[in-house]
Structures are given as C-alpha cells and as structure tokens.
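Colleague: Residue numbers (the numbering used here), protein chains in the order written: chain V, 1 to 294; chain W, 1001 to 1311; chain Y, 2001 to 2515.
These aren't lab readings, by the way, just hints derived from the structure by calculation.
Note that the structure is a prediction, hence the values are computed from the model and not measured.
Keep in mind that a hint or two might mislead.
Distance condition first, Cα-Cα at most 30 Å in a straight line; then the derived DSS-like pairs of lysine-lysine [claimed, not checked]: (1) V:Lys71 / Y:Lys2382; (2) V:Lys253 / Y:Lys2435; (3) W:Lys1160 / Y:Lys2346; (4) W:Lys1085 / V:Lys181; (5) W:Lys1160 / Y:Lys2308; (6) W:Lys1003 / V:Lys122; (7) W:Lys1160 / Y:Lys2495; (8) V:Lys29 / W:Lys1126; (9) Y:Lys2492 / Y:Lys2346; (10) Y:Lys2308 / Y:Lys2382; (11) W:Lys1126 / V:Lys26; (12) Y:Lys2141 / W:Lys1084; (13) W:Lys1160 / Y:Lys2141; (14) V:Lys253 / Y:Lys2495; (15) Y:Lys2043 / W:Lys1084; (16) Y:Lys2308 / Y:Lys2141.
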Amino acid sequence: MSIKANANVQDAAYTSFYHDAFVRLKRDKIAIACLVFIVLLILVAIFAPLIAPYPEGFQDTSAILAGPSSKHWLGTDEFGRDILTRIIYGSRISLSVGLIAEAIAVTIGVFLGALAGYYGGKIDAVISRIIEIFASFPHILFAIVIMFVLGTGVINVFLAIGFVGWTGIARIIRAQVMQLKEKEFVEAARASGGSDLKIILRHLIPNCLSTIIVVVTMAIPSDIMYEASLSFLGLGVQPPVSSWGEMISMARKYLRTNPTYSVFPGIALVLTVLAFNLLGDALRDALDPKLKNL
Amino acid sequence: MLKFTLRRLYQTIIVLLGVTLVTFTMVNVVPGDPVAVMLQKKADDATINRIRDQMGLNDPLPAQYFRFLTNAVTGDFGNSYFQKKPVMELILRAFSVTGTLAVLVLAFAITLGVLMGTLAAVFRGKWVDRVIMMISTLGMAAPSFWLAIILQLIFGLTLKWLPISGLRQPSAYIMPSVALGMIYAASLARLTRTNILDAMNQDYIRTARSKGVGEFFVVAKHAFKNAGIPILTYLGTLIKSILGGSVLVETIFSINGLGKLLVEAIMKRDIPIIQGCTVYIAAVFVIANLLIDLTYGLFDPRIRVAGPAKR
Amino acid sequence: MKKVLALLLAIGLMLGLSPALAEGKVFSFGGAMDDMDLIDVHKATSSGVLQGGIMVCEPLLALQPDGTLKPQLLAEMPTVSEDGKVFTCKLREDVYFHDGTQLTSKDVYFTLHRIFDPATANVNAWLCDMILGGQDMLDGKATELAGVTIQDDFNFTIELDYPYAPFNYILSCPQMLIYPQDACTAAGDTWGIDSFVGTGPFVFDTFVAKDSLHLVANENYYEGRPQIDEVYLYNLDRGTALMEFEAGSLDLVNMDPTYVKGYQEGEFAKNLVMSDLRGIIALNLNVAMPPLDNVKVREAVAHAVDQKAIVDSYLQGNGTAANSLITPSVAGYTDRPSFYNPEKAKALLAEAGYPDGIKLVNYVSETSSIAGIPVVLQEQLKASGIELEVNRVDSATYVSMRKEGSVQCPLLTWYADMPDPDNFTYTFFQSGNSKFFSSNWNDSLTDELLAKGRAMPAGEERTEVYKQIDQRLVAEEFVTVPLYNPVTYYLKSDKVEGIFFDGSMFHLDDAFFVE
C-alpha cells in the first residue's frame, strides 16, 4: 500500500517536473525555432517523394554538373541528378541515423551502465573495463570494421554508429544510478521485496530519463557527422540512396566545375547539426542543469 | 596516492589486453584477405595459399594471437605486409606527424576556446557574447572535412598564403590545425563560458567581487580554477578524437599521420599495422586519462583519490 | 583578440612566403599513388610503385611511342627459334648499374630467378610464368630456373614452356625490370625501400613510403645524362594534387577523367593532355549465377546497355564507346554496332521466361575510379525491366568476392600490360582464369581458340583467331558487355617538354625544361 502511494507520489512528481521543464523550454525562443526546424525537417523527410521535384535516382543526361537553373534549383550532380531532390531525400538518412543509431546506443549504454551502477563491485569492475576498452578504441576503426562485417548499406551504417556510441551514455548512467540507488525510494522498493530487475527498470531508469533525453539530443549531431564521415570514406549508403556526407564527398571532385554542388549539402548538414545542438542545450538547461559540462 | 596509481596501472593493462583481443578478433572476422589485395590484378588460390603460408597467416588463430602477444610485449608488432617495414617504426613516424599536429590543434583549440569563452562570460549578454556564441555554435556544426576543403580553396588556392598540402614547411601545419581544431575550440569556448558563469555565481567570488577586486582578476584567479576541471576532462576526450579521427583531414591535406596509416591499413587488411595502431592509440588514450586523473589534484585536492565520473 | 589574429596572420605570411626555392632543374610529379608502399616492382601491382621503379631500373626491351618495341638493355631484338620457344638475347656491353658494376647475364638470371623464388612473394609472376621452370619454382619443386641459360657475360637464352607469340612485349613490362645481383642481394629486405639500384636515367636518393620518392640524374647514363637534375614523385590526394599544380608547385600531375571538365576551358586548358589508356571497361555477366546462366538473359542485358549514352553524359565524352572486348589499336578488334535496344531486351527477357524483368546485383570497389559507372547502368537498365542493385564495398572485400567468382555482374576494368589481344582475352576468359574475374566462363571452344592464338606468330591468321574469340564472347554468348575504352588526362606545366606517356607509365628520359 505504502509502496503504491509512494509510486503515485513519484508519478505526480514526474508529471510536474516535465511540465515545469516544458514551460521553461517554451520561454526559449531559439529552442522553439530549432524545434520548428527539426519538425519541418521530419515532415520533409517523410513526404520526400511528394516534395522532391524529381525521383531520387533520376538522371537528367542533358544537364550534367549544371549550376542552379529554373529546371534544377540547386543544380545537378555528375550523373545529372537534381541536387535539391538529393538533399531532400538525404534528410531521411541524417534523421534516421540520429534516431536509430541513438536507440541502439541508448539500449546498450543504459543497460550496461545501470547494471554496473546498481550492482557495483565485481560486476561494475568488469563492465567498467569493457566500457574503457571500447572507449579507448579508435572509433573510426570500429565503425569501419562493423561496416566490413555486415556489408555496406543504410541499416548497417545505423548499426555501426550505434555500436560505436554507447560508451558515453553508459558512463553517465552508471554514475547516476550509483547516486540514485542510495535514495530512499529505492531502499523502500528493495525492502518490499522488489526484484533487482524490477527496481532497475521501474525506478532507476525512469529517474534517469531526463538525462537520457539530453544526452541523446546532444549525441545526434555527432551521429550525423559520423554518417557523413563514413559516407565520405565511401562506406555509407548505396546508390541510388543519397546522403549529405556522400554528396559532399563526391562534390569535392567537382569544386572547379560546379562549386555550389559542395556548398548546398554542406549548408543542410550545418543547419541540421546546429538545430540539434541548440535544442540539446535548451533541453539540458530545462531538464537537467547538472549536465552542463557535456 | 601510490595505491591509486598502482590500481589504475593494473586497470590500464587489463584494458590494453582487452583492446588487443578485440582487435585480433575483428581483423579475423572481417572479410578480405591481405594476400588477395596484394595480388589484386591477378591471382589464383594456389598462389594466395603459398604466400599466406609464408606470412604465417594459415597458422591456427590462437597460435597467431599468442605469437602477436609475446612479440608485442617486447615492442615488436611485426612487419607491415605492404610496406615491409617494422610496424613500430611506421607508427612512430606517423605519430611524430600526428603528435605535432595534435599539440598544435590543442594549442589552437585551448587558446582560442578559453579566450573566447572567457570573453563571452565576462561580457555575458552583450553583443561580444552573442557574436562569440554564434561563431562557436557554427564552429561546432561545421564538419572538419568540409572546413578543410573550404580553407584549402581560400587560403591555398585563391590567396596562395599557405601551402595546399603536405607538411614540408612549418606554415603547412596551420590549415590542418585550424580545420581539426575549430570544432574543439568552439566546444571549449562554450564549456569555458558556462563554467566561468557558474563559478562567478559562487559565494566566494561574490565576496571577492564585493571587496572591489576588478572583474578581470576575479575571473582570472577564482573562476578559472573552478572551471578547470571540466575543461581538463574534456581534454581527455579531445586527445583521443585528435589521434583517432583525423583520417579525413589527413587525406585532404595529404598528411601521412596515424589516422591515415590506420585506415589505409584497414582497407588493405595490413593486420600488423592495424594491431599496432590500435594498441598504440589505446595506450596513448589511457595514459592521457591517467595523467588527467592525477592532475585533478592540482585543481581540487578533494578529488585527489577518487577522480570524478568521466564522460 | 585582434592582436592575436594579426599576429597569427603575420606568422602565417612569414612562413608561407618562404618556400624552399628550388636549385637546378627539379621536376615535381604528383598524383594519387596510394599504394606507393615501396618501389620494388616484384612486390606490388600498383602504378605508383611501377612508376617509381621504371625511372631507376630498366627492362630488356622498351615500348616506343608508335607501339613497337626497341631493345633497351639488349643490344638487339631477341632472335626466336623456329618452334617459338627459345629467345636468344644479347646484352649491351656498355651498361653499368648506378653502383658502378657492369650489367651482365648473371643479373638477368638473378632477376628472373628472384621473380619465381617463393621467398620473394612476387605478385607479378603470373605475367611471365610461361618461362620454362618458373611454375616449378613457384610450386617449390625446383630451386633453379630451368628456362634461362647463360652462355657468357652478355649472351643468354630464355626458353618457354610453350610458344608464346607476344613474349617480347612481356620483356618490356615495368614488372620485368632488371636488378643488379650484388646490390639487391646485399640490400636484402630493404631493397626497394632504403636502397634501389638500376641502370636507368635516374639514381635513387630517398624514399618515404606513401609520401615521396626523390631521384637525381644519372651522370653516366649510357644514353646520355638526362636534362633534368632531380625528380620528386609525390603521392597526393587526387583533388589536392590538382590544386598543387594550379598553385605552380608541380610540373606534372595525372588526373582522373572525372575532374577533367573543370580544366577543359580557361587558364589550364593549354596544359591538359589527353592520352589513350589502352584498356577496356566492360560489364561481365557471371554465367554461374542465375538468371545469367541463360544466354537469352545475357543477350537481353547486352541489349539494355547504351554505351554511347554513358560516354556522352556521365563521361562527358572522355572515353570511346566500345562494342568489342579488344581495344581498337590492338589486333583482333571488331568494329560492330551497339546492341542497344530496350524493346528487344524486354522481348528477350520475356522469351527467357522473365516477362516481369529481372534483378541483378553488382559489387564495385569504392576506391575504383569507375565506381560511378554502375550508377549510370542502374538507371539505364531500368528502361529494359532490369533492376540493378549496386553495392559499393571496400576494395579488399571486393577482390575477395570477385576472386571467389561470386559477383553476379562485376565491372571488368583492364589497363593492358601490353598491346596484344591475348592480354585482353586469355587473362579473363580462359577457363582457369574466369573465376577470378567472376565470369565463370568455361567453354572448350574459347579455350581452344585462346591456346591457338597464344602459340601463333603475329599476322592476319592470328588476328582472325582473336576476332573469332571476341565474336564468341561478345556477340554469341554475351559473357561480357563492352562499355567503353578509357582515356586518361594529365596536366603538364608549360616549363617542360619531352615527356613520353606510354599508356601507363611516364618516361622522363628525354624531358627538358624550356628556357
């Protein structure tokens, strides 16, 4: 009975906490602008086939590496493909990389971090060493190797980036769970015979939620950059799928012929990363000011 | 202190062993055969097998790993399959390049970052702050390889102020350092600003200020000391990123650094170099972290033993 | 803040404005030579390695600008025995290596022996494994090379396992440079890295793997000292090399055709030189992987490809549409029209039992300079109801897959070692080789014709045999769809003249600076 009441109090506390945070966030004009930008980007990605002037792989053989014109607003690439179309479709990759790769990273990171933090002792020592091993590993090597083993392709890019990025969040969750597990409500749950798994899933992880949201938002830009880097190395998406990183990489060859080719996907990338960065900042200030050093 | 150092040392060895095991597993599950790469133009199974035999690649895997470990302990990582030189020599040569570059990147990032962050904090809310924050936000969002290309176009090709590629003159270090360091300078600026602002709200600084100590001295003496720890922690992450992730910029500027050495080795399956590089990079990273942990004491004696939770 | 910026700028200017001023006639050559790991031509296949090698060492015979051969280290062209198996050679008597030792027959024997010695791990031995006893040495069945006999210091014979008409061309390949026995043995593992001695126009000075090679003029070169004093060979990223050329720090840079459009007009148009590459780009169809085991399906694919559109659009005219496996300048070439006809392709697919079209899978190495071609084909084949899945993979994975014969429709990229039709056909479609190039073509008639062509002396009759082979592969069995003959470009500074590009290597022997 008392536990249930306690949980209700907790729930109420959550609700008001997130409500307050939302109020704080709403006051931040820049954050709202970023949010609007991201929502628009998501809509563009979802409705890409409706918005884009051409099909994704369409090659206009009469306009190879053409500059901006009324037919192709941002010009064309080396195959005569419309750059605006490719940027619109490319948003799908950049956004899903953020979401899917982070989902993977969070799952692994939160799980291992919580285990280490909750049990401490030997389990902590083992998990901490694993975290250190993966953190001290050259990330790019790891990502490339995963791409080699799984083969190239969109899904595998997501997997590679997800598997690379979990160590940071694991460390943060470990530290936070270590602090939380000493709190009264955890003691209470334990006293009433809750299993370890239940305590971790029902009490500890929900309490880390705001941290997770902040960390994820702030990690998305680096994931987008990772995808761009992998694509730059030629290990990213497969044709005819387009990605901003791949476009910049290819455009580099044509700097003299069509300089704007490298500029537009670059701008798209910078704007998106910027929006996520600023939104992440605002979320952090609103939800979890303790994390300001991230 | 001694006990702490010893424990960290023991952990370091475990981590390095783990890194070798992970690397060894990885290079052996990856498809692709260094010998097939060597024979790219034309090869048959018999030739490939003959050369694999000569290189010891057909031995059982545990035997190969054990041989690698026993040699590695003595600092011998074998010879590169393609460059036919001792891996250690190649790594040291690449490291002298990457290391120099890393020092310059660090110097650039710390100088610019801390300077901009401090200025922004001192002039918080004023236009100086806004401009600096805008620049640093943009700096964080621009990918280094894109920046490198743009710098090359402007300063190398159009203005002809700096050499476009290579590191044959001292001035050639400027563009790669800026391209690599911009993102770190930008994040450091933001980090410094937040931490100084935070520190300036602390009681003892308010006291100092109320005593009429000039704003500049308040920041310099008190706030810096407190803002130091997060900045130091950030440096650990930074060092690894500089050492492991600069392959794109190295490629663009034709610099034969560690990143390029490693990535090219992966592409060709030059296993001795891959193993040597990962162990080396991991060692540098772990040691850098160790040193940073020990340095915390200088800033704050309270955490001399435990060390704060790292990212 | 301003002061700091000003200071940085000043330092930058100071350092930037003091480049080392070159003394004497220094020639700088740059380009993407990623595989310049060493310069021993026995241990690598890449053009960067071979380019370094040929400036220091020389082969027995040399290719001339008109495509014919001339004796280089030999005093005269070899005389061939009646059965076509024994090549009798005589060395020049006035040739000295850079270390002062004279070139003699024992150096030739040493070099050929080293090629087949398993301890060398030579990667180019396949090129000359028709030399008698070579294969036995590779297999570890012999320790001496049976096919090479030394008569005296300057006379020797090379005996082949079977008659091989284009053998003279093999003796001119950059993989067949003659090394000095004493210096090479003394250098051991450091050969081609820290030390490299030859007879050529330039003397090895320093080599930094993957970075640069520095050579100086051979004062005592038997054909006269070259006019260039020093040569630097730089390995640079493709785009970076071009920028360096524009900035005036390189005299010669080779160029991927994808970059060419930016240089065809304007300031550097006069520096742009186009050269035929003597090669073929084709789409191989793997007969072991359904539905390509059905000749009707292969015929359909051949009818779905528009060679002219590839050349005109994506390649911007930088290449020649090809409909023969053999390049036009080589005997055996057939000038046939393109099969391109999407309607017929669809009809053929329907006839073969695929009225709804088929799906094919292509793999291509992402580092390949032709990685864009499958993307063009992907869009082209759509019109004929063929869906082409394109997978860009790293080159090591690609080579492994292709070697297993498990790529369904790989691109064949071939830059010929010599201007002989054997090099365009036997190399890929002989039943023992076809798996490595993922066509898995195994046809007794093709094998028979290939063996016949190898043993025949050059002439009408031999040309006819290769025409038959080409016809069988391209127009009857549709095992391969020729796409185009590639060209290459390079940018050459106004200051230099006399550079000879032989279709794969640059020769600077006669290059000079214009006053």
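Colleague: Straight-line Cα separation of Lys29 of chain V and Lys1126 of chain W no greater than 30 Å?
Modeller: The given pair, whose Cα atoms are some 18 Å apart, holds under the 30 Å limit.
Colleague: Taken at face value, is the distance from the CA of Lys181 of chain V to the CA of Lys1085 of chain W at most 30 Å?
Modeller: violated (54 Å)
Colleague: For the pair supplied as a hint, Lys2308 of chain Y and Lys2382 of chain Y, is the alpha-carbon distance within the 30 Å limit?
Modeller: Holds, at about 17 Å.
Colleague: Given the hinted pair Lys1003 of chain W and Lys122 of chain V, is their alpha-carbon gap at most 30 Å?
Modeller: holds (19 Å)
Colleague: Within 30 Å, alpha carbon to alpha carbon, are Lys2141 of chain Y and Lys1084 of chain W?
Modeller: Since the Cα atoms of Lys2141 of chain Y and Lys1084 of chain W sit roughly 27 Å apart, the hinted pair holds (cutoff 30 Å).
Colleague: Measure nothing beyond the straight line between the CA atoms of Lys1160 of chain W and Lys2141 of chain Y; if it is 30 Å or shorter, mark the hint as holding.
Modeller: violated (61 Å)
Colleague: CA of Lys2043 of chain Y to CA of Lys1084 of chain W, is that 30 Å or under?
Modeller: holds (10 Å)
Colleague: Measure nothing beyond the straight line between the CA atoms of Lys253 of chain V and Lys2495 of chain Y; if it is 30 Å or shorter, mark the hint as holding.
Modeller: Within the cut-off at roughly 26 Å; holds.
Colleague: Take the C-alpha atoms of Lys71 of chain V and Lys2382 of chain Y, compute the straight-line distance between them, and say whether it is at most 30 Å.
Modeller: holds (23 Å)
Colleague: Given the hinted pair Lys1126 of chain W and Lys26 of chain V, is their Cα-Cα distance within 30 Å?
Modeller: holds (23 Å)
Colleague: Going straight from one Cα to the other, do Lys2308 of chain Y and Lys2141 of chain Y come out at no more than 30 Å?
Modeller: violated (51 Å)
Colleague: Does Lys253 of chain V pair with Lys2435 of chain Y here, judged by a C-alpha cut-off of 30 Å?
Modeller: Violated. Lys253 of chain V to Lys2435 of chain Y sits at ~34 Å, over the 30 Å cutoff.
In summary, the numbered hints that this structure violates are 2, 3, 4, 5, 9, 13, 16.
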